[in-house]
Amino acid sequence: MSRLFRLFISWLLVSSIVFSLTPTAWAFCGFYVAKADAKLYNKASQVVIARDGDRTVLTMANDFQGDVKDFALVVPVPTVIKKEQVKVAFPKIVERLDAFSAPRLVEYFDPDPCAPVYSINESAPRSASFMMRKSAPHGRRDLGVTVEARFNVGEYDIVILSAKESNGLETWLHLNGYKIPPGAKELLTPYIRSSMKFFVAKVNLKEFNTSGYQFLRPLQISYQSPKFILPIRLGMVNSSAAQDLIIYILSPKGQAEVTNYRTVKVPSGVNIPVFVKQEFGGFYKSMFQTAYTREDKKVAFLEYAWDMGSCDPCSAEPLNNDELQEAGVFWLNSPPTNQISPRLRYRPYPTSGVFITRLHVRYTRNKFPEDLMFQETSHREFFQGRYILQHPFTGQVSCDQGKEYVRSLSQRKEQEAQTLAQLTNWKIPDIRRKMQ
Amino acid sequence: MGIGTRDWTLHPEFIAVAIATCVATQLLLSWVSGKGLTNNIRSAVITALGLSLLLRTDDWTTMFIAAFAGIASKFLFQIDHKHCFNPANFGIISALSLTHNAWVSPGQWGEDWWYGLLFLGTGGLILKRIGRWDTTAAFLIAYSSMEAIRNLWLGWTWDVFLHRLMSGSLILFALFMITDPRSIPDSRKGRILWSVAIASLTFILRNYFFLPTAVFWALFILAPFTVFIDRIWSSSRFTWFKAGKLELTQLHAQISAPNSVTS
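These protein sequences, in sequence, are chains U and P.
Per the working numbering, residue 90 is the first one in the first sequence, and the count goes up by one each step.
Per the working numbering, residue 95 is the first one in the second sequence, and the count goes up by one each step.
Keep in mind the hints are simulated off the structure, nothing from the lab.
Check each hint, because a few of them may be wrong.
[As the list claims (entries may be wrong)] Some chain U residues judged to face chain P by a derived CB distance under 8 angstroms, without partners named: (1) K274; (2) E275; (3) S283; (4) S311; (5) Q313; (6) K316; (7) N349; (8) E459; (9) H468; (10) R469; (11) F472; (12) D519; (13) R522.
Beta carbons are placed, not taken as given, at the ideal position from N, Cα and C, and that holds for glycine.
Next up, chain U with everything else stripped away, as it sits in the complex (with noise of 0.2 angstroms):
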C-alpha cells in the first residue's frame, strides 16, 4: 500500500511539473496573410447547421453548376416540414462563414538581431471549405407516398413527402419526372421506416427567371427533433469517389463534434517555408489529403472552432448580429451586443453568444457507411488551422549574435523544410530548391 502511495504522489507530482509548463496566455497571432476555403475543392458541398436544444436550422449551399432545369434534391428530413419553416438564405452568407472560418497563413518577421527588440514568433491558418449537393427529382401521386406540404419558396418548388414503401417513392418520383439514379430506391427503404420525410426541390424556372439571380440561392429548413444527424448516404448512391463536405455548426454553447466517427483536428501551428505564401491553396490540399490519408480516411476533421465574437488573426471580419440570423441562428433575440474586435489580442475575449465549429470530412462510401451524427459539447477550447511563415532578417548583421543568428537560419530553414515535406507528403528535393 505504501508503495502505491509512494508511486501515487511521484506522480502527482510529474503532472503537477507538466501543468505548470503549459503556456496559459495567448501571444499575439501573427499577420494574416492568405486563406484556404471551400473554393479549394471542385464537388465541395456546404451545410450550416445551428442548433439549439432540439431546434435546427439547416442551410444547404447550393453550388449546382448545370443548367437550372436540371436541378433537384432530395434530402431526408426528421420531421414534416411548412412553407414558413423554409426560406432561401442570402447567397452570400455561406461564403461568409466560410471566409470567417478557413484555415489560415499568417507570417512574422524577424527583427535585426543585433537591435534589442522583442519578437514574437507565431501564425495562424486559416481552413478550408465544402459544400453538399443532392440532386433528385420531384413528383406527385398515390402509390404508399403522401404528399404532406406542396409549396414554392424563391426560386424554389418544394414538396414534403412521406412514404411507406421504397417502391412507390421511387415510382412517384418517375412519374412527377425525377430522374433517380439506380440503387437509391434500398437506400430510401431505412429513412422511410425510421419515419423520415422528403423533402424534394426543383427550379420554378419562371421565379428563377424574374428573381434576377444568376445562381440557385441556399435553401434554408427549420424543424424540431431530436435527431442532430446529416444524411450522406443518398449523396453516394453513384459515386465511389470522395466528397468533400463542409460542416458549419453553430451552437451557444461549444464546439460540436461528430458521435459516430473520431473528430481529428487538422495539423495546426507550424512554421513552413516562407515560399509557401505563392502556393497556399496547393500546400492545404496537400496536407488535407496527406492527414486523411493517415487517418485511413474515416475521420471528421476539425478545422476551425471559434466563439463567433472575435478571431484572432482575422481571416474576414466576425459576422454581424443580423448576418447571424441569416446563417440560422435564432437564439439571438437580445439587441445586438457583438463586439467585433478583430485583432484582439489577449483573452478574454468577447462572448457573442454563438459559437462556430467547422468541420470538414471527406468521405466515400466503404468509409463511411452510416449517416452522420453529432452532439454540442460545452467545449469551448479555441482551434484554428494556422500556418506561419516567418521571414528571416535580411539586413546587414555585424555583431556577434547577428553572425549567430546567420548561421542558425540554415538549420532553421530545414526544420521548416523537413516540416513542410512530413505534412505535405512533396518531396524533400523540391522544397529544398523552391527555397533558393
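Guided by the hints, dock chain P onto chain U, whose structure is given.
Below, chain P without anything else, positioned relative to chain U:
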C-alpha cells in the same frame, strides 16, 4: 498508451485532480465511517482512471465533482456490502447532470480493430481475475442482436451494423464498467438478466431518444436493481450452480480482504 494519438481533450492536470479527489474522498469517508485508513486505494485509483478516460470537461471543478460523487456514492448507497451504483458511472452521471461543462465523446475512441483487440486483451486479463466475463458477454450479445434486428428491419447494409458496434466506448463500457463485482448481481442468472436489461435500455435510449450517452444512463437507471436481483437469486445460486458457488466464495473472500477488490 495511445492517449497522445487520439487527439482527446485529455489534460494531465484533470487526471491528477480525479486521482487526488478519489483517493482523498476514499480515505476521508473510510475514516468517517470507521473502516480505517488503509481501505481500498486501488479501487479509488481505478475509478479515477475510468473517469479520466470517459468524462470530458474543460474545468477541473467538474472533474472534482465527478470524482467526489463517484466515491461518495460507494459509501452513501451501500446495501449488504454492495454498492448500488458503479462509482465511475455515478461520477459521470453526476457531472453530466449537475454541471454545465461536462460531456462524453463517444466517437473519440474510433473503431480501429487493433484498439478493440487491445481493450479485449486488457479487459480479459482483469476479468479473468474477477470472473465476471458473463456480464460482458451477455451485454454484448444482447445489444448486438438488437442492433442486428434493427439493421435488418431498416434495410441498411451490414457495414452500418458493424460500424455501430465497432465503437470503442461501447467495448470499453462492456469490459470495464459492468464487470465491477461490487455493483453487479452475485448470481450468474441475475447478472445475465441484468446485463440484458442494460443492453435493452441502451438500445432504446440510443435509437429512440437519440442520446449519445445512452449506455451510461442505462447503467445508472438499472444499477440499483442489483439489490433486488440479489434478494431473488443469491440463495438459489449456492445449490444450483457449482461454478457460481465457487465465484461467490471468492467474492466473499475479496470483500473480507478489501485491498484486493477492484471496485
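* Mind listing which of the numbered hints don't hold for this structure, in increasing order? => Of the numbered hints given earlier, those the structure breaks are 1, 4, 5, 11, 12 and 13, listed in rising order.
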